[in-house]
Amino acid sequence: MSTRRYLISKILQALLTLVFVLAFNFFLFRGLGNPVELQSRGRGALTAEAIKEENHVLGLDLPLPQQFVHYMRETVTGHLGFTLGGDTVAEDIGVRIWPTVLLIGTSTIASILLGVYIGIVQGWRRGSKFDKSMLGVTLVLYAMPEFWFGLLMIMLFSVTLNIFPSGGMQTAATDLHGLTLWLDIGKHLALPFFVLTVSYLAEYSIIMRSSLMEVLTEDFVATARAKGVREKLVRRRHAVPNALLPTMTITILSLGYVLGGAIVIETIFSWPGLGNLTYGGIQARDNSLLQGLFLLFSAAVIVSNLVADLLYSYLDPRVRAA
Amino acid sequence: MATTPEPPPTALAATPTPKAIARRRRKESFLRMWNQYRRSPMGMIGLGLLAFFVLIAVFGPLMASHCDLSPLCHPTNRPIQPPTGQFWFGTDSQSRSVLSLTIWGTRISLIVGLAATLITVVLGAGIGLLAGYYGGWTEIILMRITDWFLVIPFLPLAIVLSIILKPSLGTVIFVIGVTSWPSTARVIRAQVLTVKTRTYVERARALGAGDWHMMTRHILPNVGPLIFANTILIVAVAILSEAVLSFLSLGPDPINNVSWGTILESAFDQGAAYSGYWWWIVAPGAAIVLLVLAFTMIGYALDDILNPKLRTR
Chain B
256 MSTRRYLISK ILQALLTLVF VLAFNFFLFR GLGNPVELQS RGRGALTAEA IKEENHVLGL
316 DLPLPQQFVH YMRETVTGHL GFTLGGDTVA EDIGVRIWPT VLLIGTSTIA SILLGVYIGI
376 VQGWRRGSKF DKSMLGVTLV LYAMPEFWFG LLMIMLFSVT LNIFPSGGMQ TAATDLHGLT
436 LWLDIGKHLA LPFFVLTVSY LAEYSIIMRS SLMEVLTEDF VATARAKGVR EKLVRRRHAV
496 PNALLPTMTI TILSLGYVLG GAIVIETIFS WPGLGNLTYG GIQARDNSLL QGLFLLFSAA
556 VIVSNLVADL LYSYLDPRVR AA
Chain P
2 MATTPEPPPT ALAATPTPKA IARRRRKESF LRMWNQYRRS PMGMIGLGLL AFFVLIAVFG
62 PLMASHCDLS PLCHPTNRPI QPPTGQFWFG TDSQSRSVLS LTIWGTRISL IVGLAATLIT
122 VVLGAGIGLL AGYYGGWTEI ILMRITDWFL VIPFLPLAIV LSIILKPSLG TVIFVIGVTS
182 WPSTARVIRA QVLTVKTRTY VERARALGAG DWHMMTRHIL PNVGPLIFAN TILIVAVAIL
242 SEAVLSFLSL GPDPINNVSW GTILESAFDQ GAAYSGYWWW IVAPGAAIVL LVLAFTMIGY
302 ALDDILNPKL RTR
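Same order as they appear, the protein sequences are chains B and P.
Each residue of the first sequence is one higher than the last, beginning at 256 in the working numbering.
Each residue of the second sequence is one higher than the last, beginning at 2 in the working numbering.
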């Protein structure tokens with residue numbers, strides 16, 4: 256398959272997946288439940304009259320196919336409806352998206368760098384003391400709910416030691432600018448950043464470790480050693496670059512999983528991002544908001560998967576040939 | 002194990018019967034596996050931990066009465082009490098013993114973990130089996146759907162589903178079950194594809210075996226061990242998922258169906274972490290870690306045995 260056909264087929268697949276998610280979302284909220292009933296649940300019963308009118312306003316008395324077309328048009332143009340608070344969903348998401356990008360972005364980068372490094376050291380010296388003890392740590396980290404780890408860290412660093420603030424993104428009622436503002440944000444970011452970084456470290460170190468072990472059995476590594484290439488160079492030039500490829504894809508694929516962690520971590524640290532917005536939406540039973548967030552999270556994962564596929568084909572020509 | 006061929010289904014009904022042979026063979030292979038498993042320290046520690054929690058779940062009512070879960074049961078208890086000789090893990094904001102809550106929570110956490118896994122495995126193994134066995138359009142369609150579901154991030158989907166279905170014990174089980182099957186389906190399909198090409202499968206086909214017979218007698222018994230190892234790891238994930246959903250107040254009812262996740266939810270709601278009520282948080286969380294650890298350790302140990310590639314290295 257030529258490169259161009261590969262790219263086109265990948266992009267088409269991503270679009271198809273996106274359409275599926277949109278249709279699935281439509282079905283969930285209109286097939287499984289009635290939006291008016293869902294949205295008004297727990298806020299006193301509506302009269303039959305009011306339900307009818309609300310149905311009419313939302314276009315729910317139209318035939319389903321027509322509703323679907325309408326829904327698709329609205330969603331694709333970014334009209335995600337209104338929150339219970341009366342804002343548009345898109346507005347609310349727009350305000351909250353940057354803190355999340357900051358938190359997930361920095362912690363993911365840090366945990367990939369650290370995790371990959373640890374994985375290299377482990378895989379290179381398989382069975383060493385470091386490898387064995389890291390495997391133990393990895394198992395425990397995997398078994399630990401992120402939010403519980405976060406709560407422990409709050410108790411340790413914010414309550415007992417009082418080093419870092421326990422929540423928020425900025426100190427309240429202060430008027431900071433420039434560098435001092437960023438320092439203040441950094442101080443608030445430190446703890447949730449640390450928790451997320453450590454929580455997902457194991458994810459990457461396990462993959463890198465097994466990927467490197469796999470590569471080490473390949474003939475080209477034996478050849479390099481037979482040629483007399485120094486061990487350090489075997490690792491740096493031959494083994495690690497090849498082991499990085501599968502690690503990279505799986506790393507990007509794990510974004511969906513990291514999003515889940517971000518939702519709970521933002522919640523316990525009151526970080527004003529999308530995760531905290533989700534938690535608020537759950538507490539208020541705000542369906543339009545949750546629906547919008549669900550679409551956004553899914554779309555983010557689909558797009559990053561596409562990026563992974565495209566990057567992979569660029570870095571590893573064998574994929575295109577297959 | 003996977004490589005031992007089955008007796009042909011049409012074997013003459015002499016003594017011993019084909020069924021008896023199959024049963025003996027299965028017993029032998031089970032014993033062989035157990036002998037290997039016993040040598041894995043990791044697997045044995047995991048099994049010990051699991052046995053501990055199962056005992057607590059079964060005999061919990063002997064250690065802590067159901068009444069302990071009601072805030073009205075012991076009117077003399079004080080709320081938010083640090084650990085003492087009477088309350089090893091202290092009390093919560095409703096004067097309930099955190100130890101009693103954690104003991105009772107074992108049941109719900111285990112039940113949710115196992116029941117959700119059952120749904121996941123039936124769905125995942127069923128779809129994987131059908132796709133792998135029939136191939137063609139069945140496979141293309143089933144795998145496309147699987148891939149779609151694989152992409153949707155778990156927690157946002159679980160949240161949306163729980164909200165639509167109203168949170169309850171049944172909802173948590175259902176939601177975790179129906180959101181976790183895609184990866185199982187992929188693993189099982191891959192294994193079915195390799196089993197399908199074995200000679201004994203071809204022989205059975207040549208002898209005129211039907212689809213149902215082939216799947217239940219030849220394919221399924223041979224992917225069975227893999228399904229089992231996969232299942233163990235899924236239980237671990239399901240228990241963690243229950244904890245997260247309960248923490249987001251989408252779990253079972255926190256008074257009657259206490260789970261470790263709902264204890265942590267109420268602790269968080271009452272600001273336990275910020276007020277330094279550590280005992281309320283440490284015990285249920287540590288229980289989650291230990292039980293999940295138990296399942297992952299067993300899963301890894303089994304994987305070592307069932308995956309010959311890993312064994313030699």
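No lab work stands behind these hints, which were simulated from the structure alone.
Glycine is no exception: its CB is placed at the ideal position from the N, C-alpha and C atoms.
Worth double-checking, as some hints may not be accurate.
[Stated by the list, open to error] Chain P side only, calculated, beta carbon under 10 angstroms to chain B, not exhaustive: (1) M45; (2) I57; (3) A58; (4) M64; (5) W138; (6) I141; (7) I142; (8) L143; (9) M144; (10) I146; (11) V202; (12) F269; (13) Y275; (14) A295; (15) T297; (16) M298.
Here is how each hint holds up against the structure:
1. M45: Violated, about 15 angstroms.
2. I57: 18 angstroms, violated
3. A58: Interface hint status for P:A58: violated (18 angstroms vs cutoff 10 angstroms).
4. M64: Not OK, violated: P:M64 not within 10 angstroms of chain B, min 23 angstroms.
5. W138: With a closest approach of 17 angstroms, the P:W138 hint is violated.
6. I141: 13 angstroms, violated
7. I142: 12 angstroms, violated
8. L143: 14 angstroms, violated
9. M144: Hint violated; P:M144 Cβ to chain B Cβ min 12 angstroms, cut 10 angstroms.
10. I146: Nearest chain B Cβ about 8 angstroms off; hint holds.
11. V202: 27 angstroms, violated
12. F269: 7 angstroms, holds
13. Y275: 6 angstroms, holds
14. A295: Result: holds, 9 angstroms to nearest chain B Cβ.
15. T297: Holds. Min distance 6 angstroms.
16. M298: 7 angstroms, holds
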